[in-house]
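J.: Assemble the complex: chain A is given as a structure, and chain B must be docked to it using the hints.
Protein sequence lines correspond, in order, to chains A and B.
End of the first sequence = 767 in the working numbering, gap-free, step of one.
End of the second sequence = 767 in the working numbering, gap-free, step of one.
These are computed hints drawn from the structure, not numbers from a lab.
One should not assume that every hint holds.
All copies of an identical chain are treated as equivalent in the list; a pair is satisfied when it fits inside any one copy or across any two copies.
To be verified - Listed next, the in silico SDA-like pairs over lysine to any residue satisfying Cα-Cα at most 25 Å (straight line):
1) K443 x R623
2) K501 x G739
3) K697 x G625
4) K713 x A617
Here the structure is a predicted model, which is why all the values come from computation and not from measurement.
Number of protein chains: 2
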Amino acid sequence: MSIKIGIYGYGNLGRGVECAIRQNPDMELVAVFTRRDPSGVKTAFGDARVLHVEEAKNMTDKIDVMILCGGSATDLPTQTPELASLFHVVDSFDTHARIPAHFDAVDAAAKASGKVAVISAGWDPGMFSLNRLYAGAILPAGKDYTFWGKGVSQGHSDAIRRVPGVKNGKQYTIPVGAALDAVRSGANPDLTTREKHTRECFVVAEEGADKAEIERQIKEMPNYFADYDTTVHFITEEELARDHSGIPHGGFVIRAGKTGVSGEHTHIIEYSLKLDSNPEFTGSVLTACARAAYRMAEKGERGCKTVFDIPPAYLSPLSEEDLRRTLL
Amino acid sequence: MSIKIGIYGYGNLGRGVECAIRQNPDMELVAVFTRRDPSGVKTAFGDARVLHVEEAKNMTDKIDVMILCGGSATDLPTQTPELASLFHVVDSFDTHARIPAHFDAVDAAAKASGKVAVISAGWDPGMFSLNRLYAGAILPAGKDYTFWGKGVSQGHSDAIRRVPGVKNGKQYTIPVGAALDAVRSGANPDLTTREKHTRECFVVAEEGADKAEIERQIKEMPNYFADYDTTVHFITEEELARDHSGIPHGGFVIRAGKTGVSGEHTHIIEYSLKLDSNPEFTGSVLTACARAAYRMAEKGERGCKTVFDIPPAYLSPLSEEDLRRTLL
Numbered sequence: 440m441s442i443k444i445g446i447y448g449y450g451n452l453g454r455g456v457e458c459a460i461r462q463n464p465d466m467e468l469v470a471v472f473t474r475r476d477p478s479g480v481k482t483a484f485g486d487a488r489v490l491h492v493e494e495a496k497n498m499t500d501k502i503d504v505m506i507l508c509g510g511s512a513t514d515l516p517t518q519t520p521e522l523a524s525l526f527h528v529v530d531s532f533d534t535h536a537r538i539p540a541h542f543d544a545v546d547a548a549a550k551a552s553g554k555v556a557v558i559s560a561g562w563d564p565g566m567f568s569l570n571r572l573y574a575g576a577i578l579p580a581g582k583d584y585t586f587w588g589k590g591v592s593q594g595h596s597d598a599i600r601r602v603p604g605v606k607n608g609k610q611y612t613i614p615v616g617a618a619l620d621a622v623r624s625g626a627n628p629d630l631t632t633r634e635k636h637t638r639e640c641f642v643v644a645e646e647g648a649d650k651a652e653i654e655r656q657i658k659e660m661p662n663y664f665a666d667y668d669t670t671v672h673f674i675t676e677e678e679l680a681r682d683h684s685g686i687p688h689g690g691f692v693i694r695a696g697k698t699g700v701s702g703e704h705t706h707i708i709e710y711s712l713k714l715d716s717n718p719e720f721t722g723s724v725l726t727a728c729a730r731a732a733y734r735m736a737e738k739g740e741r742g743c744k745t746v747f748d749i750p751p752a753y754l755s756p757l758s759e760e761d762l763r764r765t766l767l
Numbered sequence: 440m441s442i443k444i445g446i447y448g449y450g451n452l453g454r455g456v457e458c459a460i461r462q463n464p465d466m467e468l469v470a471v472f473t474r475r476d477p478s479g480v481k482t483a484f485g486d487a488r489v490l491h492v493e494e495a496k497n498m499t500d501k502i503d504v505m506i507l508c509g510g511s512a513t514d515l516p517t518q519t520p521e522l523a524s525l526f527h528v529v530d531s532f533d534t535h536a537r538i539p540a541h542f543d544a545v546d547a548a549a550k551a552s553g554k555v556a557v558i559s560a561g562w563d564p565g566m567f568s569l570n571r572l573y574a575g576a577i578l579p580a581g582k583d584y585t586f587w588g589k590g591v592s593q594g595h596s597d598a599i600r601r602v603p604g605v606k607n608g609k610q611y612t613i614p615v616g617a618a619l620d621a622v623r624s625g626a627n628p629d630l631t632t633r634e635k636h637t638r639e640c641f642v643v644a645e646e647g648a649d650k651a652e653i654e655r656q657i658k659e660m661p662n663y664f665a666d667y668d669t670t671v672h673f674i675t676e677e678e679l680a681r682d683h684s685g686i687p688h689g690g691f692v693i694r695a696g697k698t699g700v701s702g703e704h705t706h707i708i709e710y711s712l713k714l715d716s717n718p719e720f721t722g723s724v725l726t727a728c729a730r731a732a733y734r735m736a737e738k739g740e741r742g743c744k745t746v747f748d749i750p751p752a753y754l755s756p757l758s759e760e761d762l763r764r765t766l767l
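So that you can see chain A by itself, here it is in the shape it has in the complex (with noise of 0.2 Å):
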């Protein structure tokens, strides 16, 4: 028997959920979930059965897990909770500042209906956090590092594209590699914001824009730039089309940490990932969560929970001997 499951949104993240479910023969997908007319969604396979999110209320018995992919400013912070009052769901709520207030929200809701809700689930957060959490606790004595990248932001390129004169732009955020030797080093270095990483833009400017103008509201612009080496790039859409369509990203979690009588003993844990395209590597730890919330559900768990409360075996489709068997 398959784990029923919805995608709810359908972006880039719900077309990676689509293709995750694929890789997964345990599970099936039962519809999409969309605000738009449902009759102007193409699904990536084309075969998925696309309806209006206002009939997921009446698909209470046909899902077992609602998978949420809509974004964590506007849409999860009211979706979560709301669902949770009808399924089993997963979102990937990556706000780090208001987890707490968010799990408490979706925490209420689905101890209310009886269900399960896995939040913040992804790499950062997901695996980055839990990389966080079993490196700090194997290695008290030590300090973690996260770095971001080569990766696209969705959210520093959405800056550029708001300067005025910018048609078109795309940022990646880099790792900064004497930074990253550093902590491979185990010297545990301050590090700056700037230090760290680099931010690099490719812009397409209008016709006649101001380019100079450009590039100092860029570099200039709080939160976002001014504590980064900047470097911007002009180039045309069809080099931004051909180069720079992509949506890959990746990172690091390092923690270095010493043992011994007198701390003589310095150890390394890194954690990377290198992905080609983050919605589908995101969309397929969502997957792999909702099998776990279906899971911790038979368990008896309700409530709220996190990367932080599954039980690992709970993400596989392997049974707990064959576990054991092949992979302890």
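T.: Leaving out everything else, chain B in the frame of chain A:
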């Protein structure tokens, strides 16, 4: 209230656990148990109570979790079930092929006594196993590779020392750079044993021994060296002591997997360890698992567990709220 820990068996690993407990203020070392004469055992910090193993059975009200630091060949198969009938226990049983049988024996004992027993904790089995599981659950259309080293293999060092004419020796397992690169490229290559690792031996020969014959016997030794490109260096006892007294180890778990409509995107997940002291790092993992065993028992869990069954949050001293706030 701190978690009261016993260390059962006091070699390099027991010493590593003793060091780790000092870094975890929520734990307290109650006693070290040894098969030797306790009066002859000097602990790392010199302040631990040292008792004969026979005393353990009288300490059930004083110790919450017993961390077993014996060997997998002959100690743990009998010790872990035995002690699981008295305490929550953690071991580092690492004979991969015998894990299912060990699990069953320990599970029966722990279920009968109402205790929690975590087996096969450490880094492989342990953290590497976890990373194989997570990566495989996220990227089902992929393949994982485990590389070990550069590091000292105790088993291979022992094998060298059994060769006639060898006075002392140490063996390093070294991953082949080209193989690592091929795996990181996402090509999912088929690699032979020889292509993945080389073996480097530092040998002290007895006076007048036939070095060419020693080298031949090492290089042709079945199971241990015959399937590898092996290098043998003859050095003096002084050089061995000066340059090779450490017990470093480490390695890599890498999975490359495809996603997308037709597998058009490649993702690389890599986890690596670089450890100055294998037993101290392993001891640190065991110590975190002792906390998890205690927590699982508090939640009403019983029986044998592995890292696959442990909700990650249980390994950390932080509260669930603090974990979500600071690490998620």
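J.: Hint by hint, say whether it matches the structure.
T.: A quick look at each hint next to the structure:
For a Cα distance limit of 25 Å, the shortest separation of K443 from R623 qualifies neither inside one copy, at 43 Å, nor across copies, at 34 Å. Only within a single protomer do K501 and G739 lie at most 25 Å apart by alpha-carbon distance; the minimum there is 20 Å, versus 33 Å between protomers. Taking CA atoms no more than 25 Å apart as the test, K697 paired with G625 passes inside one copy only; the shortest distance there is 9 Å, against 33 Å between copies. Proximity of K713 to A617 under the C-alpha cut-off of 25 Å is found in both arrangements, the shortest distances being 19 Å within a copy and 19 Å between copies.
Against the hints set out earlier in the document, a violation occurs for number 1 only.
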